[in-house]
Amino acid sequence: MGLRIIRKTLWFFLLFLGITLISFWVIHLAPGSPTDMETTLNPLAGEAARQRLEALYGLNRPLYEQYLDWLIRLLHFDFGNSMSADSRPVLDKILERLPLTVGMNVFSLCLTLGIAIPVGILSACKQNSLLDRSVTVFVFLGFAMPSFWLALLLMLFLGIDLQWLPISGLTSMEYDQLDSWGKFCDIASHLTLPIMVYTIGGLAGMSRYMRACMLEVLRQDYILTARAKGLSPSFVICRHALRNALLPVITLLGLSVPGLIGGSVIIESIFALPGLGQLFYAAVMARDYTMIMGNLVLGAVLTLVGNLLADTCYGLADPRIRTAGERG
Amino acid sequence: MRLIQRLKVLVGHNTMLILGGSIVLLMSLAALLAPWIAPYPPNTEHLDHILEAPSVRFWLGTDRLGRDIFSRLLYGGRISLWVGFVAVGISISIGAALGLLSGYFRSWVDEVIMRLVDIMLCFPSFFLILAVISFLEPDLGNIMIVIGLTSWMGVTRLVRAETLSLREREFVAAARLAGSSTVRILVQHILPNALAPILITATLGVAGAILIESSLSFLGLGVQPPTPSWGNMLMEGKAAIEIAPWLSLYPGLAILITVLGYNLLGESLRDLLDPRLRQ
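Chains as they are written, first to last, in my numbering: chain A, 1 to 328; chain B, 1 to 279.
The following block holds chain A by itself, in its conformation from the complex (with noise of 0.2 Å):
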């Protein structure tokens, strides 16, 4: 298990490597600069400018050596300063948007699981009845629909038609009057319809997905036995199918985690949240390359701790893989 784990996070940091060296790579290349706005599109700024400007940030110098000091500033955490007006470090801008993000994702993803998990369940028991073709169906059109537009939808019926809730920011105008039940209750009614996009984007999968896995353990051999033995159905399910189900899904969660951060783009520039999509949004407009870099680094490290935490799970749920880990 240690060794597993070893060597685990030993190829994690080469994919770390791997990611940021392509990332700073392409990110540079491409053309546009961060000056390009205070310079080029400045009439006023003359070519002596724009090379000061680009020695302040180390642009001209050669791409290694500037991805090499990247990395080794890296190392005790330093994100670099933004290279927008403000150039505040990168690492504050981040860390004081990311708990609005991910607090959004998990909870989301929470629900998901809460319901995805009893409802692929139910369909792969009741294989081919009404419920499991209508969770098809949902399933299918959960594919399709693209998340922006069910945001659209969402905030038409239940934020204008109905009117039940605020559509747009975190917060209401007169938040700063309100106490602090109040305010909890205010943030939470401008969450809902963001949380409720998240939720059903990843309901479709997960539950197809489970229903799938629970299907393929309901064929096994072991699953025949325990009802030969006369036990009830539902305690062969919980106690002998499920277990074994669930552990597809556990990866799964793991791979999901790319998708969330992109998702988060979209989601919080629709309902106007203040959290890490929208910040990355807005770096990449003003093509500002420490805050890029910094924002690919933490979706790369999230996604990596993502895979490890899953496969970590995986090992400590699944004895068949702790064991072959342990002799491999």
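Think of the hints as simulated: they come from the structure by calculation, not from any bench. Bear in mind the structure is a predicted one, so any value in this text is a computation, not a measurement. A few of these clues could be false.
To list a few chain B residues with every Cβ distance to chain A over 10 Å, as calculated [to be verified]:
| # | residue |
| --- | --- |
| 1 | VAL56 |
| 2 | ALA161 |
| 3 | GLU242 |
Derived coverage of chain B by chain A (criterion: at least 3 residues anywhere in the stretch with Cβ under 8 Å from a Cβ of chain A; other residues may be distant) [stated by the list, open to error]:
| # | region |
| --- | --- |
| 4 | 122-132 |
| 5 | 204-215 |
| 6 | 227-238 |
Here are the computed lysine to aspartate or glutamate pairs in the EDC-like style, where the Cα-Cα straight-line distance is at most 20 Å [unchecked claim]:
| # | chain 1 | residue 1 | chain 2 | residue 2 |
| --- | --- | --- | --- | --- |
| 7 | B | LYS238 | A | ASP161 |
| 8 | A | LYS8 | A | ASP311 |
| 9 | A | LYS126 | A | GLU54 |
| 10 | B | LYS8 | B | GLU242 |
| 11 | A | LYS8 | B | ASP271 |
| 12 | A | LYS183 | A | ASP318 |
| 13 | A | LYS8 | B | GLU111 |
| 14 | A | LYS8 | A | ASP318 |
| 15 | B | LYS238 | B | ASP118 |
For each residue, glycine too, the CB sits at the ideal point set by N, CA and C.
Start from chain A and add chain B according to the hints.
Relative to the frame of chain A, chain B by itself:
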């Protein structure tokens, strides 16, 4: 005639295949024939009919410049399908080539390619696409290339797996014995036998590419106005969501139906062509 009969047997009562196939066919026809079907050119502004609700004259209403939504949807469909096909073409070409190499040569070639796949799969790819697109000019060509370059990993894995088993088969040994070059073995003997999974992934890939393109356009980084695309129509619709909800309704519906069509077609093809997955 026998071909048609065999097709009938195959399709038979396969509702998914029929539904998916007809949606794809219908959407493709609508896009191809847009100049003949559309009641107005996509960018003609009817300034005395601004933000009109759907009516007999403007079937799906008009936008803030008085442009006919139905006509714009048809032309937007051309863009979506075009992006879908080209991006998938790119990702399939890269994926199939790398998969063939990886599965056929194994050893270090395999190791390098599969590690590259792992790295690419760890990218928050939408972040990367956004970053790259915003640096490049957001024109159609760049969008297709970037989507293609970030979505080939699945194909590589599939083709590799297929190649691994095909390379041990007798007809490959026979070809090698007959003195065929490696390229010839790969392209003429192995590739055709791996076409089924490629076709399935391609069909599903079109759906994915259409979704990405519309997300990019929705964020303003994809197809630029005034060229209509379903994504940027929704972006414009969002600005007027409180006064003209139909602007936010129909383009999304078009995306939903098209993507649904390709997904249904892909899934039913998988059931049909891949006996191992048949339940």
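We went through each hint and held it up to the structure:
{"no.": "1", "hint": "VAL56", "verdict": "holds, 24 Å"}
{"no.": "2", "hint": "ALA161", "verdict": "holds, 18 Å"}
{"no.": "3", "hint": "GLU242", "verdict": "violated, 6 Å"}
{"no.": "4", "hint": "122-132", "verdict": "holds (count 10)"}
{"no.": "5", "hint": "204-215", "verdict": "holds (count 4)"}
{"no.": "6", "hint": "227-238", "verdict": "holds (count 3)"}
{"no.": "7", "hint": "B/LYS238 <-> A/ASP161", "verdict": "holds, 15 Å"}
{"no.": "8", "hint": "A/LYS8 <-> A/ASP311", "verdict": "holds, 9 Å"}
{"no.": "9", "hint": "A/LYS126 <-> A/GLU54", "verdict": "violated, 65 Å"}
{"no.": "10", "hint": "B/LYS8 <-> B/GLU242", "verdict": "violated, 49 Å"}
{"no.": "11", "hint": "A/LYS8 <-> B/ASP271", "verdict": "violated, 35 Å"}
{"no.": "12", "hint": "A/LYS183 <-> A/ASP318", "verdict": "violated, 44 Å"}
{"no.": "13", "hint": "A/LYS8 <-> B/GLU111", "verdict": "holds, 16 Å"}
{"no.": "14", "hint": "A/LYS8 <-> A/ASP318", "verdict": "holds, 17 Å"}
{"no.": "15", "hint": "B/LYS238 <-> B/ASP118", "verdict": "violated, 37 Å"}
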